[in-house]
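Trainee: So the chains spell out like this:
2 protein chains.
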Amino acid sequence: MKNWRRIERITVITKILLEKPNLLLSMNIFTDFFQVAKSTISEDISIIKNVFQRLGYGKIQTQTGAGGGVLFSPGVSPQKKAEFLQSIADRLSDPSRILTGGFLYLTDLVFDVQVADMVGKIFAEHFGALSPQYVVTIETKGIPLAMMTAKYLNIPLVIVRDGGRVTEGSAVSLNYVTGSSRHIRTMSLSRRALPTDSKVIIIDDFMKAGGTAKGMSELLTEFKAEVLGIGVLIDTEIPEQKLVKNYTALLKLSKVDESKREIIIYPQNGEV
Amino acid sequence: MKNWRRIERITVITKILLEKPNLLLSMNIFTDFFQVAKSTISEDISIIKNVFQRLGYGKIQTQTGAGGGVLFSPGVSPQKKAEFLQSIADRLSDPSRILTGGFLYLTDLVFDVQVADMVGKIFAEHFGALSPQYVVTIETKGIPLAMMTAKYLNIPLVIVRDGGRVTEGSAVSLNYVTGSSRHIRTMSLSRRALPTDSKVIIIDDFMKAGGTAKGMSELLTEFKAEVLGIGVLIDTEIPEQKLVKNYTALLKLSKVDESKREIIIYPQNGEV
Numbered sequence: 001m002k003n004w005r006r007i008e009r010i011t012v013i014t015k016i017l018l019e020k021p022n023l024l025l026s027m028n029i030f031t032d033f034f035q036v037a038k039s040t041i042s043e044d045i046s047i048i049k050n051v052f053q054r055l056g057y058g059k060i061q062t063q064t065g066a067g068g069g070v071l072f073s074p075g076v077s078p079q080k081k082a083e084f085l086q087s088i089a090d091r092l093s094d095p096s097r098i099l100t101g102g103f104l105y106l107t108d109l110v111f112d113v114q115v116a117d118m119v120g121k122i123f124a125e126h127f128g129a130l131s132p133q134y135v136v137t138i139e140t141k142g143i144p145l146a147m148m149t150a151k152y153l154n155i156p157l158v159i160v161r162d163g164g165r166v167t168e169g170s171a172v173s174l175n176y177v178t179g180s181s182r183h184i185r186t187m188s189l190s191r192r193a194l195p196t197d198s199k200v201i202i203i204d205d206f207m208k209a210g211g212t213a214k215g216m217s218e219l220l221t222e223f224k225a226e227v228l229g230i231g232v233l234i235d236t237e238i239p240e241q242k243l244v245k246n247y248t249a250l251l252k253l254s255k256v257d258e259s260k261r262e263i264i265i266y267p268q269n270g271e272v
Numbered sequence: 001m002k003n004w005r006r007i008e009r010i011t012v013i014t015k016i017l018l019e020k021p022n023l024l025l026s027m028n029i030f031t032d033f034f035q036v037a038k039s040t041i042s043e044d045i046s047i048i049k050n051v052f053q054r055l056g057y058g059k060i061q062t063q064t065g066a067g068g069g070v071l072f073s074p075g076v077s078p079q080k081k082a083e084f085l086q087s088i089a090d091r092l093s094d095p096s097r098i099l100t101g102g103f104l105y106l107t108d109l110v111f112d113v114q115v116a117d118m119v120g121k122i123f124a125e126h127f128g129a130l131s132p133q134y135v136v137t138i139e140t141k142g143i144p145l146a147m148m149t150a151k152y153l154n155i156p157l158v159i160v161r162d163g164g165r166v167t168e169g170s171a172v173s174l175n176y177v178t179g180s181s182r183h184i185r186t187m188s189l190s191r192r193a194l195p196t197d198s199k200v201i202i203i204d205d206f207m208k209a210g211g212t213a214k215g216m217s218e219l220l221t222e223f224k225a226e227v228l229g230i231g232v233l234i235d236t237e238i239p240e241q242k243l244v245k246n247y248t249a250l251l252k253l254s255k256v257d258e259s260k261r262e263i264i265i266y267p268q269n270g271e272v
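These protein sequence lines map, in sequence, to chains Z and B.
Everything in the first sequence is counted per my numbering, starting at 1 for the first residue and increasing by one.
Everything in the second sequence is counted per my numbering, starting at 1 for the first residue and increasing by one.
With the rest of the complex left out, here is chain Z (with noise of 0.2 Å):
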C-alpha cells in the first residue's frame, strides 16, 4: 500500500472519530493501518482536535501510554444549538399542527432524521459526563430522538413496549396512570433487554404532567436501575408541577389556543 499524505490521513481519521462518537480508539489502529510512527498520528490528531475545538465540534481527547488512545465527544457550539432551538421553535408554532383537543402535531419533526440527530448530540453532550450505561424510551415518538443519542453515547438503547404485548421472553409490566388526562395504561419491558442494576438515562419527545416518565422511573426500579437524568425535546408550562424532578428540556410549550389558533413555544437555551 502506498504512503499516505498528511492531508490523506486527516480525511481518514477525521471519518473514523465522526463514526465512532465516544469509543476509545486505539492508536494502534491508526499506526497499523498507515504504517506510520505513533508520534506522526498524534500530530494529526492534534490537528484535527484543534479544528474541533475551534469550531464547536466537541472535544477529542488523547491518552498517551501503552494503552494510550484517542476519545472523541460529540459537541454543537452553543450559537448553533440556540439556532437550531428556536428554528424548532419557529416549525412548531404552525397553527396548523393544532390538533383537535389542543395536542400539537409533532410526528414529522421527532421522524426528520436531522432534526432526531441533532437533539441526539445535544443530549449526548448534555448527559455523556454522567456516564450512563443506556438510553431508556417508550415507544413510539420518542425512539427516534432516544435512539441518535444512543449513537453519540456510543450505548444500547433500551424500548419500553406501550401495552402489554410482548412476545420476548418473560416481561415486568406496569399499569401507570398518564399524569394530564388520567388514563390507566399499561407499559412493559422484557426482562433480557435490560441487565439488572444498570445506570440509565430516560429520553422522550414531550412531557406534560411527568405521568410517563414517572412510569418509566416505576418500571426501571424493576431492574434496580438507577436513572440518572431524564431528558425531553418540549415540557408545558402548566401543570407547573411535574410527577418527576431533575428533567431537562429543551423547548417550552407555553400555551395551545385551539380557538384562536396560537401556538407559543420557546427555547429553553439555559437548560443545556
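Check before you lean on any hint, since a few could be wrong.
Since the list can't tell identical chains apart, any single copy or any two copies may satisfy a pair.
Unchecked claim - Here are the simulated BS3-like cross-link-like pairs (lysine-lysine), alpha carbons at most 30 Å apart as the crow flies:
1. Lys-260 to Lys-242
2. Lys-214 to Lys-141
3. Lys-15 to Lys-208
4. Lys-81 to Lys-15
5. Lys-80 to Lys-38
6. Lys-141 to Lys-260
7. Lys-38 to Lys-81
8. Lys-20 to Lys-245
9. Lys-252 to Lys-59
10. Lys-141 to Lys-208
11. Lys-20 to Lys-252
I should point out that these hints are in silico values taken from the structure, not numbers from a laboratory.
For this one, chain Z is given, so just place chain B on it according to the hints.
Mentor: Coordinates of chain B only, in the frame set by chain Z:
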C-alpha cells in the same frame, strides 16, 4: 478570522460531507466560510474524493458551473459489508436467542445503533439510485433500521402505526392478515404523514410470509404512493413464496429448531 490551512479545511469539509449525506451542498458554503477561491475548494474536495473512493467510503460527486455543488453518497466496501453481515449471522446463531414458539430474539440487535447505522448505510446505497422520497416502516422493531436508511438518503421517515389508535387527525386504517400466523391485525397511517403520489421504499427488520409488507403496500396505495422497493434485514427460507415480490433481504434464516436448540442463518452477499 485567520487563514485556514488546506489540512484544516479538509477536516471541516470531511465532517460536513459526512453529516449531510445525499444533500447537494453549494460550493459557496465553503468559499464563503474559508474565504478562498472555488478552485481551491475543488482541489480540497478532490483529495477527499480520492481517499473515499480508495477506501470504499462512498461516492463524492461534484457539479461545476454557477449552480455547482458537491454531493456525498455514503457507501460500504464489499469486504466491510461481508464482514458485517457475517458478524450479524454469528450473533444471531446463539441458541439463547430462541424464544418459545420458535421465534428469534432480535430486539437487542436492531436497537444496537452501530448495527442500525450499518444496515441504514447498506440500504441507502442499494436504493439510492431509485431516488425515493420517503422511507416507510411499521412500528416498532423496524424503526431504527428505517431511520438510519432515511438519514443516509436524506429523506423523511414515515411510520405506520400498529393498531388503529392514531391521535393525529384523520388516518387511513387497514385490516390485514399476517402471512404466517394468520392473525387479523390493523395498521394505520395519518393522512398528514405522507403526501399523495410519493415515491417510497419500505424497510423492516423481518419477513416471513410477507403479510406485513403486503399490508403496508396496500395501505400505501390509499396514498397513491409508488413503492420502489422493499428492504428487510432478514427473511426466512420457508415459506418460499412470499406475498410480495421484489424485496431485498440481507440475511436468510434457514432454520430455528426449538428442540435441538439450533439456528441456521447466513448472509446474502449477492443481494446488495
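Trainee: Each hint should be assessed against the structure and marked as holding or not.
Mentor: Verification of the hints:
1. Lys-260 to Lys-242: within (27 Å within a copy, 52 Å between copies)
2. Lys-214 to Lys-141: Both. Shortest intra-copy (17 Å) and inter-copy (24 Å) distances satisfy the 30 Å Cα cut-off.
3. Lys-15 to Lys-208: neither (40 Å within a copy, 37 Å between copies)
4. Lys-81 to Lys-15: So Lys-81 and Lys-15 pass the 30 Å test inside a copy (23 Å) and across (17 Å) alike.
5. Lys-80 to Lys-38: between (34 Å within a copy, 25 Å between copies)
6. Lys-141 to Lys-260: This pair counts as within: shortest intra-copy Cα distance 27 Å, inter-copy 39 Å.
7. Lys-38 to Lys-81: between (35 Å within a copy, 29 Å between copies)
8. Lys-20 to Lys-245: Classified as neither; 32 Å inside a copy, 36 Å across copies.
9. Lys-252 to Lys-59: within (29 Å within a copy, 41 Å between copies)
10. Lys-141 to Lys-208: both (15 Å within a copy, 26 Å between copies)
11. Lys-20 to Lys-252: between (32 Å within a copy, 28 Å between copies)
Of the hints listed earlier, those the structure fails to meet are numbers 3, 8, in rising order.
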